[in-house]
Every structure is written in C-alpha cells, then in structure tokens.
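Go ahead and model the full structure; you've got the sequences and the hints to work with.
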Amino acid sequence: MKNKLLTLSILSFALFSCSNEDEVQVQQKNDEAAKAEIMNIISNATEKTTQEMEEEFFRDNNYVVVNPEKSNNIVNSIKANNTPIHGPYTTTISATPAGVLPNQKIIWKGYEYPAAAAYVADVNTHSVNILLPDGAFGFVNSMTNQGYNDYGAQTQGYSFSNVIINGKNYLNVRTYTMKIRWNMAGQAINANVPSYGFGAKSVSYSYITP
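For the sequence shown, our numbering begins at 21 and goes up steadily by one.
Hint data in this document are derived by calculation from the structure and do not stem from the laboratory. Check each hint, because a few of them may be wrong.
[Said to hold, decoys possible] Listed below are the simulated BS3-like cross-link pairs for lysine-lysine, each with C-alpha atoms no more than 30 Å apart in a straight line:
1) 55 to 199
2) 129 to 188
3) 129 to 55
4) 188 to 55
5) 55 to 125
6) 68 to 188
7) 125 to 188
8) 55 to 68
9) 199 to 125
10) 129 to 199
Written as structure tokens, this is what we have:
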C-alpha cells in the first residue's frame, strides 16, 4: 500500500512538473513573440516632421489653407494700420486628442523623463476649428496647457492656420503632445510628454476683417 502511494505521489509530482514546465515554455514563446512584434514596430517607425504631418492632414481632409504669408502680413500690420479687432473670444480644446499619429521615431531632447535618446512615440494632435465670418483672418492670443508647436524640435507653443473647409472660413488651432512608447531596444517607456501639455485647453482668439 505504501509503495502504491509513493508511486502515485511520484507520478503526480512528475505530471505537475511537466505541466508547470509547459506553462513556462508557452509564456516564454508569448514573451518572445511580443518582443519580436515590438521590434518590428520599432524597425518600421517613420519620421514625419510636423510640417509634413500637417500638410498631409490638410490635404487628406480637403482643407484649403489661406496663404500663410498673406495671413501673417495682415496680422502683423494690425497695430500699424489701426485695423479693428474683433474679440478676444474664448473656446476650448478637448483633453482627448483629435488625432494620433502612431509609431514615430523621435530624437527626444530629455527636458524631462526619459533621458535624451531616440525613441518611438505616438504623436497626439489637440486641435479645434473655429468658424469665422467670410473673409476674416483669425489669430490666437493665448492657450493654456500648451503642448508643442513642433514635436520634432519640442518647442512649447501652438500653431494656427486660416483654412477653408467646404466653403466655410475657419481658424484651425493646434498643439501636440506625445506618448513615448519604447526605446530603440524595445524597453517600454510609456511617458506622456510634455507633462504640462495635457488636459483641456482654453484658447483666446481674435479676428480681423480687412
């Protein structure tokens, strides 16, 4: 009887050991597959500049950008010509990104965590389109919780463009944040930068009617 119990105990232990070893091997294979997938994403990461991304977005969404030089000249001449200004008015940009450009290789300058190095990040666009009267030119006075106006240069700020969408005149206001996903070795980082650029944003804007 004792011999039978001993045999059963040894058999049970052997079966448990095999089962446990199988689970470890399956987990290792899953980990290896996940790492391979991450490294594939990293090797295929693209490097779009802010300007390239904006031009592509405007083109794909049929935004007609009003001549930026003309717009800037008009805004810069407001004080000199005593042009009447309408505003300021206030609107809000949602804390939820309007769009995400995934898997971009960036050279992080290390102003905050993580350390300066190359990484793969998702770029978040925080934007709003503000309807203006026909022929008006809008401009931004200020924005709270600013991200970057250029995620490559990582300069704090915002950008705006006067655009025509389906025949209507809009002021497009935007700023960018990033989620740094991995370093180039595949180590997870998951840092949201800039840390001060998240949350809803209050935008003060005005416009002129030349």
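For the pair we were handed, residue 129 and residue 188, check the Cα-Cα distance against 30 Å. Answer violated: residue 129 to residue 188 is near 39 Å, above 30 Å.
Compare the distance between the alpha carbons of residue 125 and residue 188 with 30 Å, and conclude whether the hinted pair is satisfied. violated (36 Å)
Given the hint that residue 129 pairs with residue 199, does the C-alpha gap stay at or below 30 Å? Holds. Residue 129 to residue 199 sits at ~14 Å (cutoff 30 Å).
Given the hinted pair residue 188 and residue 55, is their alpha-carbon gap at most 30 Å? violated (48 Å)
What's the verdict on residue 55 and residue 199, does the C-alpha distance respect the 30 Å limit or exceed it? Cα-Cα ~19 Å, so holds.
Is the hinted pair residue 199 and residue 125 satisfied, with a Cα-Cα distance of at most 30 Å? holds (12 Å)
Taking only the CA atoms, is the gap from residue 68 to residue 188 under or equal to 30 Å? holds (29 Å)
Residue 55 and residue 125: Cα distance at most 30 Å? It holds: about 18 Å lies between the C-alpha atoms, which stays within 30 Å.
Is residue 55 close enough to residue 68, meaning Cα to Cα at most 30 Å? The given pair, whose Cα atoms are some 25 Å apart, holds under the 30 Å limit.
Pair hint residue 129 and residue 55, alpha-carbon separation not exceeding 30 Å: Holds, at roughly 26 Å.
In this structure, the hints that do not hold are numbers 2, 4 and 7, in rising order.
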